[in-house]
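Engineer: So you can see what is in the structure, the chains are spelled out below.
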Amino acid sequence: MASLEDKPMVLTSHVDELNAYPQIFVPVIKKYFRIVWWADFENDQERYANEIQGILVNGGLPKITSELLDTLPNLKIVSTLGVGTDHLDLQLLKSRGIKVSSVPDVSSDCVADWGMTLLVAAARKLPEAMKSATDTATPFNYNILGKKITGSTLGIVGLGRIGYRIAERALGFKMRVLYNDITRRPEKEAALSLEYYSSLDKLLPNSDFIITVVPLTPQTHGMMGREQFKLMKKSAIFINIARAPVVQQDELVEALQSRTIQAAVLDVTSPEPLPPHHPLLHMPNVIITPHMGANSLESRRGVVEAGCESCTAAIQGKAIPREVVL
Amino acid sequence: MADKPLVVASLADHELYVKIVEEHFRVVWWEDYIKGPEKYNNDIQGILVDAYGRLKRVDGSLLDHLPNLKIVSTLSVGTDHLDLELLFKRGIKVSRVPDVSSDCVADWGITLLVGMARRIVEGVDSAKNPATPFDFNIMGKKITGSTIGVVGFGRIGYKIAERAYGFSMKVLYYDVFRRSEEEEKKIGATYYSSVDEMLPHCDFVILIVPLLPTTRGMIGKKQFELMKNSAILVNVARAQVIDQDALVEALKNKTIRSAAIDVTYPEPLPDDHPLRFLDNIIITPHMGANSEESRRGVVVAGVKSCIAGVKGEPIPNEVLPPTQKPGKLH
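The listed protein sequences derive, respectively, from chains S and B.
Okay, so the first sequence: first residue is 1 according to my numbering, each after it adds one.
Okay, so the second sequence: first residue is 1 according to my numbering, each after it adds one.
For reference, chain S alone in the conformation it holds in the complex (with noise of 0.2 Å):
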């Protein structure tokens, strides 16, 4: 076993138990690599930039830019530990020769839990029962009456690996499963009896839920916006996994006041967290969490364990897991 001077150094961001690694993973990282954090590194560059030769972000940060890039002249690779590269300049790290990876596939299971949970959750008003069964100050409220999920029709718009897995619960609930995606995906479809719709207008007012899971990509940027949630149905529920940008937010704000649709659940908003008085965290048919999506220990610690295994393989000159190819 390598002793701890002779493992590779690598670069990044801060332990914060609210907003960057909780300090269980740290170990994780230490049986790769020599760590510095962005704290270090920024008080004494000189000390470190020959040395690091991978960078692992977390939460975005630290944040790739030309200059930074210019004092590391042995970084060989950016490993994002999380599913997307939006937050990379991807153009940049080509233009360098930089490797990049990220992990798309170990948190799949979790984030679609996490995607039924908040759909069941909001049919059903969770929170609210909790508060009223809970808050002495809240009446206990037999009638809180939620909204029907068995038999119910879900449209999946990406389906992707979570979307797929969503697809698998929502069948478990005898839900009707409606996809919309930029490619069509016969196998899939035919494994789960799923109904393909090539427009996503055409997929919104015959659903009575809607979950977005795509990439924040140029196409899927504001996709859902004031004409989408008017197509929508009046009781629907829309849900939002994916990325921030993928809504139109004030656009969804709107729509939630005028009733244009019954309810929304973001687990990801623009900014997050929102400021204190922004109008979706005082609205009662809103449900807010903070990008959970990933959240068991087992899939964040996997998808830590994994980004350090595509970091060192790239160190070591070797076949990069899960490499995003530029």
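It should be emphasised that the hints constitute simulated quantities derived from the structure, not laboratory data.
One or more of the hints may lead you astray.
What the hints assert, rightly or not - Result set (DSS-like, lysine-lysine): computed pairs, CA atoms no more than 30 Å apart in a straight line:
1) S:Lys31 to B:Lys186
2) B:Lys142 to S:Lys30
3) B:Lys254 to S:Lys131
4) B:Lys170 to B:Lys186
5) B:Lys142 to S:Lys131
6) S:Lys174 to B:Lys221
7) S:Lys148 to B:Lys170
8) S:Lys31 to B:Lys142
9) B:Lys254 to S:Lys174
10) S:Lys148 to B:Lys186
11) B:Lys142 to S:Lys174
12) B:Lys304 to S:Lys188
Fit chain B to the known structure of chain S by using the hints.
Structural biologist: Below, chain B without anything else, positioned relative to chain S:
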């Protein structure tokens, strides 16, 4: 109007049901009945009751005053709030609604399970409550691929298992009756004839048995000790299936990880009850059957049975005395 039979009704929110009930009956609502029962007693032919209204128990204290009562129709699955022995003795018919809300309750059981597992209540509080910091690291319990123990494998229990199977959960179940091989195979379910033997294998335990002498207090100190420290308990049955004081201890000592209960005793809990102050519990106000469709369906079915009972016709979903119906508990 005078031709319609008179019933007394104690239902949770009668505005929801007035139209349905009044289509077939003259109704005296419980709040009005108790103001002057003598006006109504001789004319009442049916009782409509559910688990939520002010009339908590149908027993001699009411029945002794209703000489022309033909039927008690409970708008619920359970009948533990009825003095069945007395009703059968007096030849009064009884009906319930065992099926209409099954999907709805199964949906709710799973909602509580996943909601507690993934700590959604804490998540919402973190994001929406200005007094609580925004926390990216609220870690929940793995659901996919975990093991669920379903205690009670009737209509609702089986539906819960179907939904769990959709999450690729491994299904174990306990019931006094074993399901067919085909039914088990469909959802990969493994039978246990003993709850105590099943509990140590479970990441989640969900209770969905009727309240009977054999199920009262079936989950107590011993059972909590048999469960994993990391396990989550969900109760969508009756509160008395759990020894509630033992539950408080188990949660305080972290003998189990957490619990989500839709039922308590009493309902609601007093303001100072320890369960209100634990951070590893979800409590909800008896909402299993709470979708609009389900509630309406239950009233329609209950009214139908009540009409039949008043008319002396065969009664849908009649609850028969034990000697007449051996076998299935569900």
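Engineer: Measure nothing beyond the straight line between the CA atoms of B:Lys142 and S:Lys174; if it is 30 Å or shorter, mark the hint as holding.
Structural biologist: 23 Å, holds
Engineer: Is the Cα-Cα distance between S:Lys174 and B:Lys221 30 Å or less?
Structural biologist: Violated: S:Lys174 and B:Lys221 sit about 37 Å apart, past 30 Å.
Engineer: Under the criterion that the straight-line Cα-Cα distance not exceed 30 Å, is the pair B:Lys142, S:Lys30 satisfied?
Structural biologist: Distance ~25 Å between B:Lys142 and S:Lys30 Cα, so the pair holds.
Engineer: Check whether the Cα positions of B:Lys142 and S:Lys131 lie no farther apart than 30 Å.
Structural biologist: Judged against 30 Å, a Cα distance of about 25 Å means the pair holds.
Engineer: Could you grab the alpha-carbon distance between S:Lys148 and B:Lys170 and see if it respects the 30 Å cut-off?
Structural biologist: 26 Å, holds
Engineer: Between the alpha carbons of B:Lys254 and S:Lys174, is the straight-line distance 30 Å or under?
Structural biologist: 35 Å, violated
Engineer: Does S:Lys188 sit within 30 Å of B:Lys304, going by the straight-line distance between their CA atoms?
Structural biologist: Since the Cα atoms of B:Lys304 and S:Lys188 sit roughly 44 Å apart, the hinted pair is violated (cutoff 30 Å).
Engineer: So if I understand the rule, the pair passes when the alpha-carbon distance is 30 Å or less; does S:Lys31 with B:Lys142 pass?
Structural biologist: Given that 30 Å is the threshold and the Cα spacing comes to 24 Å, the pair holds.
Engineer: Decide if the proposed pair is consistent with the structure: S:Lys31 and B:Lys186, CA atoms, cutoff 30 Å inclusive.
Structural biologist: Distance of about 43 Å is beyond 30 Å: violated.
Engineer: Within a Cα-Cα threshold of 30 Å, do S:Lys148 and B:Lys186 meet the stated pairing?
Structural biologist: 24 Å, holds
Engineer: With the threshold set at 30 Å, check whether the alpha-carbon distance from B:Lys170 to B:Lys186 stays at or below it.
Structural biologist: Answer holds: B:Lys170 to B:Lys186 is near 12 Å, not above 30 Å.
Engineer: Given the proposed pairing of B:Lys254 with S:Lys131, does the C-alpha separation stay at or below 30 Å?
Structural biologist: Roughly 23 Å separates the two Cα atoms, so the pair holds.
In terms of the numbered hints stated before, the structure departs from hints 1, 6, 9, 12, listed from lowest to highest.
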